[in-house]
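I would like the entire structure built from these sequences, with the hints used as guidance.
Protein chains in written order, with this note's numbering: chain A, 1 to 365; chain B, 1001 to 1365; chain C, 2001 to 2365; chain D, 3001 to 3365.
Hints were generated in silico from the structure; no laboratory data involved. All C-beta atoms, glycine included, are put in the ideal place defined by N, C-alpha and C. Check each hint, because a few of them may be wrong.
[Claimed, not checked] In silico negatives: residues of chain B with every beta carbon more than 10 Å from chain D:
| hint | residue |
| --- | --- |
| 1 | 1050 |
| 2 | 1054 |
| 3 | 1060 |
| 4 | 1194 |
| 5 | 1204 |
| 6 | 1260 |
| 7 | 1271 |
| 8 | 1326 |
[Said to hold, decoys possible] A short, non-exhaustive set of chain A residues, derived as facing chain B with CB atoms under 10 Å:
| hint | residue |
| --- | --- |
| 9 | 2 |
| 10 | 7 |
| 11 | 41 |
| 12 | 101 |
| 13 | 232 |
| 14 | 237 |
| 15 | 251 |
| 16 | 256 |
| 17 | 273 |
| 18 | 309 |
There are 4 protein chains.
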Amino acid sequence: MGNTFGQLFRLTTFGESHGGGVGCVIDGCPPLLEVSEADIQADLDRRRPGQNRLMSARQEADRVEILSGVFEGKTLGSPIALLVRNEDARPQDYDPIRDVYRPSHGDFTQEAKYGVRNWRGGGRVSARETVGRVAGGAVARKLLEKECGVDIVGCVERIHTIQATLDPEVLARSEIDASLVRCPDPVASTAMIAAIDAVRADGDSLGGVILCIARGVPAGWGSPVFDKLEADLGRGMLSIPAAKGFDIGSGFPGTMLKGSEHNDAFRMREGRVRTETNRSGGVQAGISNGETIVFRVAFKPTATIRKPQRTVTREGKETTIEVRGRHDPCVLPRAVPIVEAMAALTLADHFLRHRGQTGRAGSAL
Amino acid sequence: MGNTFGQLFRLTTFGESHGGGVGCVIDGCPPLLEVSEADIQADLDRRRPGQNRLMSARQEADRVEILSGVFEGKTLGSPIALLVRNEDARPQDYDPIRDVYRPSHGDFTQEAKYGVRNWRGGGRVSARETVGRVAGGAVARKLLEKECGVDIVGCVERIHTIQATLDPEVLARSEIDASLVRCPDPVASTAMIAAIDAVRADGDSLGGVILCIARGVPAGWGSPVFDKLEADLGRGMLSIPAAKGFDIGSGFPGTMLKGSEHNDAFRMREGRVRTETNRSGGVQAGISNGETIVFRVAFKPTATIRKPQRTVTREGKETTIEVRGRHDPCVLPRAVPIVEAMAALTLADHFLRHRGQTGRAGSAL
Amino acid sequence: MGNTFGQLFRLTTFGESHGGGVGCVIDGCPPLLEVSEADIQADLDRRRPGQNRLMSARQEADRVEILSGVFEGKTLGSPIALLVRNEDARPQDYDPIRDVYRPSHGDFTQEAKYGVRNWRGGGRVSARETVGRVAGGAVARKLLEKECGVDIVGCVERIHTIQATLDPEVLARSEIDASLVRCPDPVASTAMIAAIDAVRADGDSLGGVILCIARGVPAGWGSPVFDKLEADLGRGMLSIPAAKGFDIGSGFPGTMLKGSEHNDAFRMREGRVRTETNRSGGVQAGISNGETIVFRVAFKPTATIRKPQRTVTREGKETTIEVRGRHDPCVLPRAVPIVEAMAALTLADHFLRHRGQTGRAGSAL
Amino acid sequence: MGNTFGQLFRLTTFGESHGGGVGCVIDGCPPLLEVSEADIQADLDRRRPGQNRLMSARQEADRVEILSGVFEGKTLGSPIALLVRNEDARPQDYDPIRDVYRPSHGDFTQEAKYGVRNWRGGGRVSARETVGRVAGGAVARKLLEKECGVDIVGCVERIHTIQATLDPEVLARSEIDASLVRCPDPVASTAMIAAIDAVRADGDSLGGVILCIARGVPAGWGSPVFDKLEADLGRGMLSIPAAKGFDIGSGFPGTMLKGSEHNDAFRMREGRVRTETNRSGGVQAGISNGETIVFRVAFKPTATIRKPQRTVTREGKETTIEVRGRHDPCVLPRAVPIVEAMAALTLADHFLRHRGQTGRAGSAL
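Rendered as structure tokens:
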């Protein structure tokens, strides 16, 4: 339990970093959506390691195969199973951690929960499990684009202390992907790259913040009181490996404002109700209000570092560990497509739920 | 849909701020747990308005009635239905907002979604719906205390720019409830009270941050990859009215650290694996690690203010609104028991899920 | 867990036969549906005891109160909570069974599961819990009528060995309710009444079969492979107290036919695809085909009889029991509205699910 | 939606009869259960076509691959993905049915629902989807055997009008599998074989009834009021292709008894509460009572027959169809392992749910 996301557009993922493969089953996707392996591969390519020198040097082609649910290029309405075979496993890399818990990793907690773990590469809590999320998210994204014109764009807003200057309303994926760190502010991007290069050389790691937006979401999505749109977005984001925080709209900084400074005044524009500002982040009382959805996700610095660290063995002896292997000194550039995927999955689910309950794709107004 | 929280310990809430009442049904509570109306009432009394001058002056006794599921003082294993009647409704207070959307409130989005809203008091998105959460949370808390010795404590850590100095490991509910604002730092508490008094006089409002901890959670709770403990905690918190952000452990500030500064080294203490520091916030890779769970929730300033605001009518005319009625200038003191309730509900659910899958209440180690 | 039915149109019921009350929460009902207490009361009145001499003499008015979710006569899209207070409890009637397990009742299994039971009247497994089903089903029925013109009609087809002759295509509720046993075949009805009178006098009980149809269901509802329409209908029916069997269309008797005798040939009629016969019972491969849905539910004879029976005490001593109290010698007449309610709930849920996934209320053809 | 079964032990299946493959993901399986591909293969071999002359001549080896969730021969607690590649596809066999609806098959209803179907082999409603059920059921069965000693055995009780004489308490799988039709009554088995041979020669088909039992289920499993054990068993069985009915214990025939004849008297035997008879079929009020669970499933005659049948084309023209291809004249022998798999999945789920809610594997008494 715990490997399914969504209620009407349901993603179930599977797979460890070492084993037969990773993938997902999408249940509930509407029929007659055009989906190809190339569509899905494009998003997977943005997630895979080895894209550039800032990332793990692992070479995983991550070729996706559609096992079911698509016929003559279109979805059938039946479950879409997607499989990516594992490759380039160097399990011997993991021999040193077989009997030792890596600090701030999932080695200890997995054993505490299950009494067992696949010590080859982190098993199920490896970032490799996110392949299934990105593959499923690619289908969700296509659905949202086709049915509602929704466009989801994520980027790196901060790495360590280097903060980019970004306007959520004008983010463009082309500019984002042109940056090695997926930050469209050129000055910040350069500084971020330098910072990652520095910690990589030093065997250390960095964290930061990803900004993500969704444009074109109509007013009306979200299901109070527990399945509010921000609650489900937050759940999705906080389930990503290394995520430690989530906020929407004005978020944590907005708590420093007074109500009179924070409220978004309503205005009429082009014949519909709009807000003058967007401190709500596109969601009010758990329901989208037709403005751009804007949220942020905090990622801790990568737990796997090359510096020596104190830890304990499975037998309870204190020891020192120096982890080898090929790891990202900063996960954020590769986490951008994962954040987008979780956003797409959340929104696709709420689109279908809203349509089910109300008979409409969007607003009643 | 959207009004149920949890999978094995399931809370379903109902009720608008004006109507017959608010309440909840708890399904899946283990049998033979001692539960009385007095137990639940104690938590409701910490949530209700009118506790002191900082809160809405509404006088709602909020007396809870156990309708089912408890027999001779103990749970039966069947659904526990709890009802709190609505009282002190002054619907005429709401006549002015019948045809106008209050900024940053749920008036507009509810109509966008459903084509209708109960304009008397905000309907389902009123904070009054949290009565059902707190009532259900009281039962969850009792279960956690009895079965696992878990203790959940929340408090106000910041209001506006006034930051308390708190040590998550030593929070005591008695000290917290001794403060009108539920902040156990006496200096900060005094300043917070003054700040709230000031905005109340001015017809404005404030936001801030609530800190919450759970002590005694054994290692092993949480269900990767989507139902990670932090993901479900985050979902619960972000579903609370006015919540705009959530982080766990080091959270957003932790993204400013390097991996070598951030990782929690493992040590042996009293015969079990512990971490020297707790930047993980008690959760690693989505599973509790036996340390204190520590998280924070950001609350925006109350949307309802007395100052004039620009908005539009249901007919699409721009206008100015001045909201009357009895509202909290700062929701945080009353939100503390709500945060605790959502934490208790999340943890109770993961306790039962863990016990179901593994046959143990806690760690396998 | 176990007290919620449905995924998009979700019913959660609560309540024991003795305690504050019984009722339900409906989550996911579309907004703007006209629902009144009188609408719901009408169905409850068909379920309540004491309607005529064939039923338990208990006098329970079973007045329903809408606690939430309805505003100015229409649904809001928020949870609809319905409450019926318990009355006319004579708990002393149950003293003799406090420490004895009634044969073929739920006394023993409830204690085996939970270690406790509400021995006053059977607790949660009392047929009184079906009040919440019938109340929720009344709302589902209104939704189906309004949105799709679906009409659900159940009746008694057999009691003990007395088989009525019925044509599923022409059942009329007025004729059914004109019969004390809800059997529209006048000859069979008379014989059934006589048979029930006889066993009532003798302290014994009878079972039988209820036939239920749903007219006007469009082609397309049902979600293979596990949530096939017949699977969810069957689940709903088999969850009714005393139900021991379910079949659809040709059902068990149809297994005596050859494929060439059983298959429903397709024909064009009035411009759409129809079947010449309806052995499929309106469902093919788990999806409605636009024909009348026809199914049957088997009910065992009432477990509570006045004749002496051998049993054991809670302490494990063999003994003889003679149950007093006011019980129905045959549950079928009162079970008709329960069967209809579960059918309405199942169909309403599948209607919303189908609309969510496909954007249509009915068929794509 | 609709392709997941279970709440704590969750099976999600995928795959069409023609395409990359069929399979499943099991989420929630407890860790440290020994599972091998050979274990699963054994059950798949009992399901696959071509086992003997009574079955479809298709030659599908149906080799299963464990993609994830098992490490060093034991489950990890993470999702177990199982894949069986499709082989021996002769899609040209299906060209004649591309534009014609086969009577009593899912061709028409799939198009009505989704606006599209994979016309090669029936797509998702093909019996081939049951590969994923049987594979998942093999894991569930291992869990039940290991943790609780539960033994599940199914067999053919009737084909067409040929009724076997069977004692549910003494069914042995070895005797069952020794019969080509999986009927352990040798006289009936011989007659059934002859009957199938006859309709096969004639291009016709037969249906019948499968009897299934589960021995060793402790008292206490099942979750009233909607997730009663018989309701979830019924749902599982009615979701099997060609199933048209389900009953438990005395079932439909039991409705012909009076209460005094039907009730199961309680007795003390070997220190625990037992019933003298088992008309309840091992379940009372939705909860297992510790007796053998006994239920039956009705299967209609195979829809695919070689005889000419009247039908319509996708364009709405009436026509006659003669289906070719390799089909089973009677599905029951191959449906036995599918029935067993659905029983195992249902019971495994209720085992974990019961353990979650109560902390026990079985009875509290």
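Evaluation of the provided hints:
| no. | hint | result |
| --- | --- | --- |
| 1 | 1050 | holds, 38 Å |
| 2 | 1054 | holds, 41 Å |
| 3 | 1060 | holds, 33 Å |
| 4 | 1194 | holds, 48 Å |
| 5 | 1204 | holds, 46 Å |
| 6 | 1260 | holds, 30 Å |
| 7 | 1271 | holds, 23 Å |
| 8 | 1326 | holds, 41 Å |
| 9 | 2 | holds, 3 Å |
| 10 | 7 | holds, 7 Å |
| 11 | 41 | violated, 22 Å |
| 12 | 101 | holds, 5 Å |
| 13 | 232 | holds, 7 Å |
| 14 | 237 | holds, 8 Å |
| 15 | 251 | holds, 4 Å |
| 16 | 256 | holds, 6 Å |
| 17 | 273 | holds, 6 Å |
| 18 | 309 | holds, 6 Å |
Taken one by one, the earlier hints fail for this structure only at number 11.
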